[in-house]
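Under the working numbering, the first residue of the sequence shown is numbered 171, with each subsequent residue one higher.
Treat each hint with caution, since some may be false.
What the hints assert, rightly or not - In the SDA-like style, the derived pairs of lysine to any residue whose C-alpha atoms are separated by at most 25 Å in a straight line are:
{"hint": "1", "residue 1": "Lys256", "residue 2": "Thr246"}
{"hint": "2", "residue 1": "Lys256", "residue 2": "Ala270"}
{"hint": "3", "residue 1": "Lys256", "residue 2": "Arg245"}
{"hint": "4", "residue 1": "Lys260", "residue 2": "Leu279"}
{"hint": "5", "residue 1": "Lys260", "residue 2": "Arg271"}
{"hint": "6", "residue 1": "Lys256", "residue 2": "Arg269"}
{"hint": "7", "residue 1": "Lys256", "residue 2": "Thr276"}
{"hint": "8", "residue 1": "Lys260", "residue 2": "Leu247"}
{"hint": "9", "residue 1": "Lys260", "residue 2": "Arg283"}
{"hint": "10", "residue 1": "Lys256", "residue 2": "Arg271"}
{"hint": "11", "residue 1": "Lys260", "residue 2": "Glu250"}
{"hint": "12", "residue 1": "Lys183", "residue 2": "Ala194"}
{"hint": "13", "residue 1": "Lys183", "residue 2": "Ala203"}
{"hint": "14", "residue 1": "Lys183", "residue 2": "Ala173"}
{"hint": "15", "residue 1": "Lys183", "residue 2": "Thr196"}
{"hint": "16", "residue 1": "Lys260", "residue 2": "Thr276"}
By construction, these hints were calculated from the structure, which means they are not laboratory data. Since we're looking at a predicted model, the values are computed, not measured.
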Amino acid sequence: MRAREYEMQSVGKEGAEARQTLAAQTDHANRQAEYADQLERRRYAANLGAQRDARAAELQRHEASLARQEELRRRTLRYEAELREKTELKRAEAEATARARAERETHDLSLARMRAEAAERRETLLRSIGVSFETAGAGLRAFLGDREQMARAVGIASALALGVYGARAAA
Numbered sequence: 171m172r173a174r175e176y177e178m179q180s181v182g183k184e185g186a187e188a189r190q191t192l193a194a195q196t197d198h199a200n201r202q203a204e205y206a207d208q209l210e211r212r213r214y215a216a217n218l219g220a221q222r223d224a225r226a227a228e229l230q231r232h233e234a235s236l237a238r239q240e241e242l243r244r245r246t247l248r249y250e251a252e253l254r255e256k257t258e259l260k261r262a263e264a265e266a267t268a269r270a271r272a273e274r275e276t277h278d279l280s281l282a283r284m285r286a287e288a289a290e291r292r293e294t295l296l297r298s299i300g301v302s303f304e305t306a307g308a309g310l311r312a313f314l315g316d317r318e319q320m321a322r323a324v325g326i327a328s329a330l331a332l333g334v335y336g337a338r339a340a341a
């Protein structure tokens with residue numbers, strides 16, 4: 171009986187040892203699975219972080235590219251505005267120069283016309299004065315050359331003077 175008991179104890183010990191070994195193996199497998207799960211989670215988190223960093227870097231590159239394009243567009247607009255302004259200034263300057271030249275030419279023509287008109291008026295006036303004096307001279311010569319007419323004129327002038335003097339004295 172002892173052998174049977176011994177065998178049973180031995181089988182019980184082997185069973186307990188097998189259970190302990192199985193429990194240790196299960197515990198070890200669980201720890202390994204937990205460690206593998208932790209590693210997988212870390213790898214997944216690292217991948218997510220790397221993807222997030224890659225997206226952030228791509229976004230930064232894209233924003234920098236947009237900023238460069240916007241700056242280039244602003245520079246282009248500024249340059250176009252400067253060119254338009256320079257063109258406008260040159261056009262206004264050319265117009266002012268042309269207008270001043272035309273005014274000078276017009277002024278010169280108008281001054282020449284006024285001078286010609288003044289010379290013509292002066293000449294006409296001098297001729298009319300000359301003609302008047304010639305006519306008056308001819309009339310005076312004709313008057314002084316005719317004694318009979320002169321005597322009548324002196325008589326008329328004397329009669330007029332006596333009439334005026336007499337009318338004053340009578341009044």
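Quiz prompt | Violated hints - listed by number, lowest first | solution = 4, 7, 9, 13
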